[in-house]
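First to last, the sequence lines map onto chains A and B.
For the first sequence, the working numbering gives the first residue as 4, with consecutive numbering after it.
For the second sequence, the working numbering gives the first residue as 1235, with consecutive numbering after it.
In case anyone wonders, no lab produced these hints; they're calculated from the structure.
Only a predicted model underlies this, so the values are computations on that prediction, with no experimental measurement involved.
Each residue gets a CB set at the ideal place from its N, CA and C atoms; glycine is no exception.
Careful: at least some of the hints might be erroneous.
[As the list claims (entries may be wrong)] Computed list of lysine to any residue pairs in SDA-like fashion (alpha-carbon distance at most 25 angstroms, straight line):
1. A/Lys145 / A/Thr94
2. B/Lys1406 / B/Pro1261
3. A/Lys145 / A/Ser29
4. B/Lys1406 / A/Ala109
5. B/Lys1406 / B/Ala1241
6. B/Lys1406 / B/Asn1349
7. B/Lys1406 / A/Thr24
8. A/Lys145 / A/Ser18
9. B/Lys1406 / B/Ser1256
10. B/Lys1406 / A/Ala12
11. B/Lys1406 / A/Tyr147
12. B/Lys1406 / A/Ser31
13. B/Lys1406 / A/Thr14
14. B/Lys1406 / B/Ala1243
15. B/Lys1406 / A/Ile118
16. B/Lys1406 / A/Gly17
17. B/Lys1406 / A/Leu16
18. B/Lys1406 / A/Thr15
19. B/Lys1406 / A/Val23
20. B/Lys1406 / A/Thr142
21. B/Lys1406 / B/Thr1376
22. B/Lys1406 / A/Thr33
23. B/Lys1406 / B/Val1268
24. A/Lys145 / A/Gln165
25. B/Lys1406 / A/Ser22
26. B/Lys1406 / A/Thr13
27. B/Lys1406 / A/Asn107
28. B/Lys1406 / B/Ala1380
29. B/Lys1406 / A/Ile164
[Claimed, not checked] Pair by pair, the computed Cβ-Cβ distance ranges are:
30. B/Ser1249 / A/Thr142: 49 to 55 angstroms
31. B/Ala1316 / A/Thr113: 43 to 49 angstroms
32. B/Thr1378 / A/Thr95: 17 to 23 angstroms
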Amino acid sequence: MPATYEPIATTTLGSAQSSVTFSSISGSYTDLVLIVYIPSNSTNDDMYLQYNSDTGSNYSNTTLRGNGTTASSTRGSNTTGARFSDSSSPTTTTSCTAIINIMNYANTTTYKTNISRSNNASTGVDSMVTLWRSTAAITSVKVYPASGNMASGSTFTLYGIQAA
Amino acid sequence: MANTYVAIATVTVGSGGASSISFTSIPGTYTDLVLLTSLRSTDTSSNWGAATLRFNGDSGSNYYHKELYGTGSAAGSGEGVAATSMGAVRPNSNGTTANTFSNASLYIPNYTSSNQKSTSEDSVTENNATAALSPLVAGRWTGTSAITSIVLTPSGGFTWMQYSTATLYGIKNS
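Looking at chain A on its own, in the form it has when it is part of the complex (with noise of 0.2 angstroms):
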């Protein structure tokens, strides 16, 4: 069976850590996906995505939310990076867990975008989509708390995923 599957790197946290960054990432696949894992004892803040070190305002979300009682939306617009978790966000008493699907990374005509699953069963569940604004193919990826650490057990691991 051909592998369309495949694992390009994974970390795990040794320590509290402000951030991970996968980089060179090789062109050769169709999509990325991310899957994260966030122990408690992190950051009590939003879990965010930037791609190739681009800080500037070129990131927007929609997110679809439910946290037990309530189902809303909301929208972040010219943000400074691809945010995956609002309600489900870490906390120092909750873990967070999020799968991050990114289409067409590697083109180099379109903006790139990505739809993520985040959970965490004590605070909410979220689904969103993310945009950023540019052309140029993705080779790194940086996982981020807007502020504070990721604890010590945080897990990160980004599949590749081939068409054919």
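Assemble chain B onto chain A, guided by the hints.
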């Protein structure tokens, strides 16, 4: 190239139905698990049924979830706190459009870790009626042992109908 997305087992319900679907002796050689289901139960009470999912046979009050859902006319959110099973992988009921089965994808990262286990689920009970249910679910099982078995059971004493299927995949990060 490494083969990192491997089918561990598939269950297809035969004629006569089944009271549960079980995956046992799950090896600890993967990083994450993915459970894909296509389910229909003998429940006829509404457009969708309910199911219970338990890890390692644990029927204690150790399951939590937050849920975001749409029904075709409304969006809402719900939760389960200290439940005795994970409210997950809802089936189409036998009152929905014939030959229609629900779809669900349940992702379980780090299933062998000594931490509590989190899950991410997307599912739908689409059918040609006035309502269907599409939930997104964040789940947590407080168990700290590796997951070695998963059992799916229709709620209310109903059974899985013929042609219901479930496949468990393992994903390696190296």
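Here's how the hints hold up against the structure:
{"no.": "1", "hint": "A/Lys145 / A/Thr94", "verdict": "20 angstroms, holds"}
{"no.": "2", "hint": "B/Lys1406 / B/Pro1261", "verdict": "12 angstroms, holds"}
{"no.": "3", "hint": "A/Lys145 / A/Ser29", "verdict": "15 angstroms, holds"}
{"no.": "4", "hint": "B/Lys1406 / A/Ala109", "verdict": "24 angstroms, holds"}
{"no.": "5", "hint": "B/Lys1406 / B/Ala1241", "verdict": "12 angstroms, holds"}
{"no.": "6", "hint": "B/Lys1406 / B/Asn1349", "verdict": "18 angstroms, holds"}
{"no.": "7", "hint": "B/Lys1406 / A/Thr24", "verdict": "20 angstroms, holds"}
{"no.": "8", "hint": "A/Lys145 / A/Ser18", "verdict": "17 angstroms, holds"}
{"no.": "9", "hint": "B/Lys1406 / B/Ser1256", "verdict": "22 angstroms, holds"}
{"no.": "10", "hint": "B/Lys1406 / A/Ala12", "verdict": "11 angstroms, holds"}
{"no.": "11", "hint": "B/Lys1406 / A/Tyr147", "verdict": "24 angstroms, holds"}
{"no.": "12", "hint": "B/Lys1406 / A/Ser31", "verdict": "20 angstroms, holds"}
{"no.": "13", "hint": "B/Lys1406 / A/Thr14", "verdict": "13 angstroms, holds"}
{"no.": "14", "hint": "B/Lys1406 / B/Ala1243", "verdict": "16 angstroms, holds"}
{"no.": "15", "hint": "B/Lys1406 / A/Ile118", "verdict": "22 angstroms, holds"}
{"no.": "16", "hint": "B/Lys1406 / A/Gly17", "verdict": "20 angstroms, holds"}
{"no.": "17", "hint": "B/Lys1406 / A/Leu16", "verdict": "18 angstroms, holds"}
{"no.": "18", "hint": "B/Lys1406 / A/Thr15", "verdict": "14 angstroms, holds"}
{"no.": "19", "hint": "B/Lys1406 / A/Val23", "verdict": "20 angstroms, holds"}
{"no.": "20", "hint": "B/Lys1406 / A/Thr142", "verdict": "23 angstroms, holds"}
{"no.": "21", "hint": "B/Lys1406 / B/Thr1376", "verdict": "23 angstroms, holds"}
{"no.": "22", "hint": "B/Lys1406 / A/Thr33", "verdict": "19 angstroms, holds"}
{"no.": "23", "hint": "B/Lys1406 / B/Val1268", "verdict": "11 angstroms, holds"}
{"no.": "24", "hint": "A/Lys145 / A/Gln165", "verdict": "22 angstroms, holds"}
{"no.": "25", "hint": "B/Lys1406 / A/Ser22", "verdict": "23 angstroms, holds"}
{"no.": "26", "hint": "B/Lys1406 / A/Thr13", "verdict": "10 angstroms, holds"}
{"no.": "27", "hint": "B/Lys1406 / A/Asn107", "verdict": "23 angstroms, holds"}
{"no.": "28", "hint": "B/Lys1406 / B/Ala1380", "verdict": "15 angstroms, holds"}
{"no.": "29", "hint": "B/Lys1406 / A/Ile164", "verdict": "14 angstroms, holds"}
{"no.": "30", "hint": "B/Ser1249 / A/Thr142: 49 to 55 angstroms", "verdict": "54 angstroms, holds"}
{"no.": "31", "hint": "B/Ala1316 / A/Thr113: 43 to 49 angstroms", "verdict": "47 angstroms, holds"}
{"no.": "32", "hint": "B/Thr1378 / A/Thr95: 17 to 23 angstroms", "verdict": "19 angstroms, holds"}
The structure fails none of the hints (numbered hints given earlier).
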